[in-house]
Amino acid sequence: MKHSTNLVIISGPSGSGQDSVIQGLVDRGVPIVRPLSTVTRPMRPGEAEGKPYHFVSEQQFDELIRQNRLSEWAVVYGKKAGITKQELERIKNIRDKIGVWKMDWQGVATAKKQYPDIVAILILPPNMETLVERSRERGQQNEKDIQERFEASRAFLTHKALYDYEVINEEGKLDQAVDKVAEILKQEGFLDNNA
1 MKHSTNLVII SGPSGSGQDS VIQGLVDRGV PIVRPLSTVT RPMRPGEAEG KPYHFVSEQQ
61 FDELIRQNRL SEWAVVYGKK AGITKQELER IKNIRDKIGV WKMDWQGVAT AKKQYPDIVA
121 ILILPPNMET LVERSRERGQ QNEKDIQERF EASRAFLTHK ALYDYEVINE EGKLDQAVDK
181 VAEILKQEGF LDNNA
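Every letter in the sequence shown is one number past the one before it in this note's numbering, and letter 187, counting from 1, is 187.
Keep in mind that the hints were calculated from the coordinates and are not lab data.
Keep in mind that the hints are not guaranteed to be accurate.
[What the hints assert, rightly or not] Straight-line alpha carbon distances no greater than 25 Å define the calculated DSS-like cross-link-like pairs of lysine-lysine that follow:
1. 92 - 112
2. 173 - 186
3. 2 - 173
4. 113 - 2
[As the list claims (entries may be wrong)] Now the in silico label distances, taken between C-beta atoms and shown as ranges:
5. 158 - 116: 15 to 23 Å
6. 175 - 46: 22 to 30 Å
7. 65 - 116: 20 to 28 Å
8. 144 - 58: 18 to 26 Å
9. 62 - 173: 38 to 46 Å
10. 66 - 158: 25 to 33 Å
11. 66 - 170: 42 to 50 Å
12. 187 - 49: 35 to 43 Å
13. 187 - 29: 13 to 21 Å
14. 58 - 175: 22 to 30 Å
15. 86 - 176: 33 to 41 Å
16. 46 - 174: 16 to 24 Å
17. 57 - 94: 40 to 48 Å
18. 66 - 42: 17 to 25 Å
Backbone N, C-alpha and C fix where the C-beta goes; we use that ideal spot for every residue, glycine too.
Could you build the full structure based on these sequences and the hints that come with them?
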């Protein structure tokens, strides 16, 4: 591997399809492991502790900050989210797996300071209106929340320079986005060319 870490960042605004791209890689047999984020947001239906996040109170999260136990953290849509240093070390020590670190642009800026050669891939929708439509299709947010996420998503566009690669997740063409990300992983030495 030509990088100092097995970590890769896959990032994008809410509704861009970053989770779908990651799942597409897993479905193709790409050896991925994901660090568990610690979050203060409430659990959604179908979620449980450790699946897909560690859920903590605001006070518990603030204690992690105070004790300097977080590798990175940010306020995302009014809630705190981050990765503990212990969790990141666990992922880095897993051999033969790519640690896919999902985060927002603020986290990318922090991660790039810690790991200057970390590869950061930005997943974007074909246009911002698609983000709004995808959020509405989820049916988990009210219009106010959707508009807040839309505004927050615009920040990704102003911070595109943080990223090494940009992949457009066209509507109905998820496989193409997964192909592009897999090709980036090959190009960067995380996968061999036979994968």
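Of the numbered hints stated previously, which ones are contradicted by the structure, given in increasing order?
Per hint list: 3, 14, 17 violated.
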